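Place chain X on chain D using the hints.
Chains as they are written, first to last, in the numbering used here: chain D, 1 to 328; chain X, 1 to 238.
Bear in mind the hints are in silico, worked out from the structure with no lab data behind them. One thing to keep in mind: the hints can contain errors.
Unchecked claim - Restraint-style ranges between C-beta atoms, simulated for each label pair:
#, chain 1, residue 1, chain 2, residue 2, range
1, X, T137, D, V322, 20 to 30 Å
2, D, V106, X, A72, 23 to 33 Å
3, X, R108, D, S250, 40 to 50 Å
Claimed, not checked - Take a look, some chain X residues computed to stay more than 12 Å from chain D by CB distance:
#, residue
4, R8
5, A13
6, G15
7, S26
8, A31
9, E89
10, G140
11, L168
12, H218
13, N232
What the hints assert, rightly or not - Here are a few chain D residues that face chain X, going by a calculated C-beta distance under 7 Å:
#, residue
14, P96
15, E205
16, A212
17, G214
18, I215
19, P216
Bear in mind that the values here come from a model prediction, so they are computed numbers and not experimental data. We put the beta carbon where it would ideally sit given N, CA and C, even for glycine.
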Amino acid sequence: MPPQQAVAALPARASSNLRLGLLVPAVAAVVALALLPVFTSGYVVYVANVLLVYVVLSLGLNLVIGEAGQFSLSHAAFYGIGIYAAALGNKLLGLPLVGCLLLAGVVAALLGGVIGTIALRMRDIYLALTTFAFGEAMQWLFLNWEPVTGGPNGLRIPPSSLFGVEILNDKQAYPVVLGVALLMLGATVVISRSRLGRAFRAVRESDVAAMAMGIPVRRVKIMAFLLSAFYAGVAGGLFATFSTYIHPESLGFQTTMTVLTMVVVGGLGSTGGALLGAVVFGLISELLRQAPAVQEMTYGLILILFMMFVPRGLAPAVSRWVRGRGHV
Amino acid sequence: MPELLSLRDVSAAYGRIQALSHVSLSVPEGAIVALLGANGAGKSTTLNVISRLVPQSGGEILFRGASIAARASHEVVRAGIAQVPEGREVFREMSVRENLELGAHLRRDARGVAEDVERAFAYFPVLRERYRQRAGTLSGGEQQMLLIARALMARPALLLLDEPSLGLSPLLVQQIFGIIRRINEDGTTILLVEQNVGVALGCSSYAYILENGEIAHHGPSASLAADGAVQNAYLGGH
Numbered sequence: 001m002p003p004q005q006a007v008a009a010l011p012a013r014a015s016s017n018l019r020l021g022l023l024v025p026a027v028a029a030v031v032a033l034a035l036l037p038v039f040t041s042g043y044v045v046y047v048a049n050v051l052l053v054y055v056v057l058s059l060g061l062n063l064v065i066g067e068a069g070q071f072s073l074s075h076a077a078f079y080g081i082g083i084y085a086a087a088l089g090n091k092l093l094g095l096p097l098v099g100c101l102l103l104a105g106v107v108a109a110l111l112g113g114v115i116g117t118i119a120l121r122m123r124d125i126y127l128a129l130t131t132f133a134f135g136e137a138m139q140w141l142f143l144n145w146e147p148v149t150g151g152p153n154g155l156r157i158p159p160s161s162l163f164g165v166e167i168l169n170d171k172q173a174y175p176v177v178l179g180v181a182l183l184m185l186g187a188t189v190v191i192s193r194s195r196l197g198r199a200f201r202a203v204r205e206s207d208v209a210a211m212a213m214g215i216p217v218r219r220v221k222i223m224a225f226l227l228s229a230f231y232a233g234v235a236g237g238l239f240a241t242f243s244t245y246i247h248p249e250s251l252g253f254q255t256t257m258t259v260l261t262m263v264v265v266g267g268l269g270s271t272g273g274a275l276l277g278a279v280v281f282g283l284i285s286e287l288l289r290q291a292p293a294v295q296e297m298t299y300g301l302i303l304i305l306f307m308m309f310v311p312r313g314l315a316p317a318v319s320r321w322v323r324g325r326g327h328v
Numbered sequence: 001m002p003e004l005l006s007l008r009d010v011s012a013a014y015g016r017i018q019a020l021s022h023v024s025l026s027v028p029e030g031a032i033v034a035l036l037g038a039n040g041a042g043k044s045t046t047l048n049v050i051s052r053l054v055p056q057s058g059g060e061i062l063f064r065g066a067s068i069a070a071r072a073s074h075e076v077v078r079a080g081i082a083q084v085p086e087g088r089e090v091f092r093e094m095s096v097r098e099n100l101e102l103g104a105h106l107r108r109d110a111r112g113v114a115e116d117v118e119r120a121f122a123y124f125p126v127l128r129e130r131y132r133q134r135a136g137t138l139s140g141g142e143q144q145m146l147l148i149a150r151a152l153m154a155r156p157a158l159l160l161l162d163e164p165s166l167g168l169s170p171l172l173v174q175q176i177f178g179i180i181r182r183i184n185e186d187g188t189t190i191l192l193v194e195q196n197v198g199v200a201l202g203c204s205s206y207a208y209i210l211e212n213g214e215i216a217h218h219g220p221s222a223s224l225a226a227d228g229a230v231q232n233a234y235l236g237g238h
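Same shape as in the complex, but just chain D:
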């Protein structure tokens, strides 16, 4: 074999073994997830729906912060925009479910693009503060634009319909939520391995070096914000499919922090990490829901402990474990 092929073939074979080792459990997990409503109560399915929304939110936040290294603290705002867009698309325009989800994603993405364009002028703490301010402003808008959002009274979301069938409960919504979440997960893997994903990581490491590679840094940054907002918008649209009511209180900085914690706990810059963080931390958060005071303290504590002792998150440790098992 000429050396050129030897180099190309070696790693490919190693990773295809690993891939096969992961494929079986992955397929089993998807099947188990798909069958979840058959075996479990409505509450468990509700929690699963919530976790899947968190998964989509985390994947999106990880794209902009983890992959592209741009600090965005307005994720909850894009999530809220998605919820209202989907709910209103359904209520006022009578859009079917798929239309509502797309509308939610697109409206959020457009605003994300605008924020990304503004954010080009800033970096680090200034960027964090600006996006934080945008998030707060949006929450204020949700609270006060009563004709559209219902203001502090919240908004009743009518049941959405898929192919003419109304979705009335969590179990009916679940296949849609699971399907879309898996789709978004697949898209994330594709993006992360694409030229765009590589460009994100290059920009994260160094603007100047990225420019020297011929990467249009401005466009790439805007794209990161736009994509991340699209994910948050779709997550909002998903929430609207299994929820009957939305109140602006849940669309503030607290939610952004929750998702940020998930991404950090899982491992910034890792798709698997975002997935893992959302599930693990989402479960903790659901368990602590009865005790809100303890909940917030626990979030803070977990975030601090991870930043101090596990700054790379759970993902590297887990992937080492998986690889280790593969050798046995």
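Showing chain X alone in chain D's frame:
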């Protein structure tokens, strides 16, 4: 030889601090041209103006006879100018492989890119051994090699090299400059910024000396190397 790049009266400033004033230089196709001078004389700024990382405040930059003054940095790369930026900026968190792929970011010809990875391995065999390794774990010399290899992945007509000898042992400097010469013989024109005057004059055919942002002296490298007055005045008397 036809002219590949020329700067005419180029000026640049960082805020109110004048970094370059009325710099004119010419790089013929196929040559290695050296840009020498003390720290802060404007050598790196000159390269950054050419690659559009720093805007110019006046003058004209012509590449293959066409102005690139209004181009964005990625358009300059696409036109055929690749830079090895100063300060050893490899993408530390990424593998050697990803670094090389990033060098080819604007190219769509997967087959050509794969060939050029092999070409990079031919120049720098150690990169083949390090292919899967994180670039941040490479030694200083290996990182320098990766920087040059990465810039070559854009298949540039003109390579801008910023201090390839920085922080390397004399032996490694000899080795790297041997490879730089080979790259040039294989058809890539090079504009070289260097502090190591002896090595730079040894491998270039023509040299410019910058002082306080202006061209203070220029001439064929061999005659600059032989000119004791120039050596003493500008180049630290080597």
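Tested hints:
no., hint, verdict
1, T137/X x V322/D: 20 to 30 Å, "22 Å, holds"
2, V106/D x A72/X: 23 to 33 Å, "28 Å, holds"
3, R108/X x S250/D: 40 to 50 Å, "45 Å, holds"
4, R8, "24 Å, holds"
5, A13, "18 Å, holds"
6, G15, "16 Å, holds"
7, S26, "23 Å, holds"
8, A31, "22 Å, holds"
9, E89, "4 Å, violated"
10, G140, "17 Å, holds"
11, L168, "19 Å, holds"
12, H218, "26 Å, holds"
13, N232, "35 Å, holds"
14, P96, "38 Å, violated"
15, E205, "5 Å, holds"
16, A212, "5 Å, holds"
17, G214, "3 Å, holds"
18, I215, "6 Å, holds"
19, P216, "5 Å, holds"
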